[in-house]
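Listed in order, the protein sequences are those of chains D and E. Sequential numbering of the first sequence, starting at 1, is according to the working numbering. Sequential numbering of the second sequence, starting at 1, is according to the working numbering.
Hints in this document: simulated from the structure, not taken from any laboratory. Glycine included, every Cβ here is placed at the ideal spot set by N, Cα and C. Hints are all accurate, no fakes.
Derived CB-CB ranges, DEER-like:
no., chain 1, residue 1, chain 2, residue 2, range
1, D, Val-55, E, Ala-46, 36 to 46 Å
2, D, Ala-37, E, Phe-112, 14 to 24 Å
3, E, Ala-46, D, Gly-62, 46 to 56 Å
4, D, Ala-37, E, Thr-103, 18 to 28 Å
5, D, Lys-28, E, Val-95, 36 to 46 Å
6, E, Trp-120, D, Glu-13, 18 to 28 Å
7, E, Gly-102, D, Val-75, 34 to 44 Å
Anything over 10 Å on all C-beta distances counts as not near chain E; from chain D, calculated:
no., residue
8, Val-30
9, Trp-32
10, Leu-64
11, Ile-68
12, Val-75
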Amino acid sequence: MLYALDKSLASEEGFAQVKACMTSPLAKLVIWGLLSALLYHLVAGLRHLIMDMGVGETLEGGKLGSQIVLAVSAVIIVLAGVWIW
Amino acid sequence: MVTNVTNFSRSGLYDWMAQRVSAVALAAYFLFLLGFLLANPDLSYADWHGLFSHTAMRIFSLLALVALGVHAWVGMWTISTDYLTPMALGKWATVVRFLFQGTCGVAMFSFFVWGVQILWGI
Numbered sequence: 001m002l003y004a005l006d007k008s009l010a011s012e013e014g015f016a017q018v019k020a021c022m023t024s025p026l027a028k029l030v031i032w033g034l035l036s037a038l039l040y041h042l043v044a045g046l047r048h049l050i051m052d053m054g055v056g057e058t059l060e061g062g063k064l065g066s067q068i069v070l071a072v073s074a075v076i077i078v079l080a081g082v083w084i085w
Numbered sequence: 001m002v003t004n005v006t007n008f009s010r011s012g013l014y015d016w017m018a019q020r021v022s023a024v025a026l027a028a029y030f031l032f033l034l035g036f037l038l039a040n041p042d043l044s045y046a047d048w049h050g051l052f053s054h055t056a057m058r059i060f061s062l063l064a065l066v067a068l069g070v071h072a073w074v075g076m077w078t079i080s081t082d083y084l085t086p087m088a089l090g091k092w093a094t095v096v097r098f099l100f101q102g103t104c105g106v107a108m109f110s111f112f113v114w115g116v117q118i119l120w121g122i
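Hey, can you work out the whole structure from these sequences and the hints?
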């Protein structure tokens with residue numbers, strides 16, 4: 001990721017190379033995979049912050065919260081896939 | 001009180017806070033970049049270069065890099081002290097855990113220096 005950032009910022013040709021590389025199906029799959037992991041981490045992390053505030057700390061609340069995290073993540077990950085392709 | 005010399009701040013409470021503060025910084029940076037890319041579907045080199053030439057963006061990026069190092073350290077430290085234990089690995093657990101943490105530390109430091117070089121090299 002840092003290598004791509006370096007190349008895309010170093011020169012106009014580098015930027016074009018990175019852009020061209022991003023159009024390949026394999027690169028898109030890798031980006032989607034990385035993005036999915038990050039999005040799930042983000043949603044689960046937001047749940048942690050909400051629980052730190054004292055919301056949903058019961059057993060039922062915890063179960064419901066984790067189900068919400070999975071559902072929201074799934075929707076966002078599908079949307080990310082639509083965006084990439 | 002039990003203290004652990006390898007955790008980030010010598011205090012679980014400070015680590016807890018550092019993890020959350022860095023999380024908010026990283027979330028803000030990620031959402032900003034995502035928003036920027038969504039708003040510019042036909043991104044040109046000039047736009048991209050202009051964004052990262054901005055002093056505010058460099059400060060934001062550097063903040064995110066520091067936050068990434070802190071966040072990753074607290075996270076990997078937690079994982080390594082939870083799972084790389086004598087119960088799981090036997091008598092070599094401390095050596096394995098220390099090497100794992102050392103590798104993580106070197107990786108985070110490398111990402112930080114590399115990131116600074118990219119940001120200030122353009």
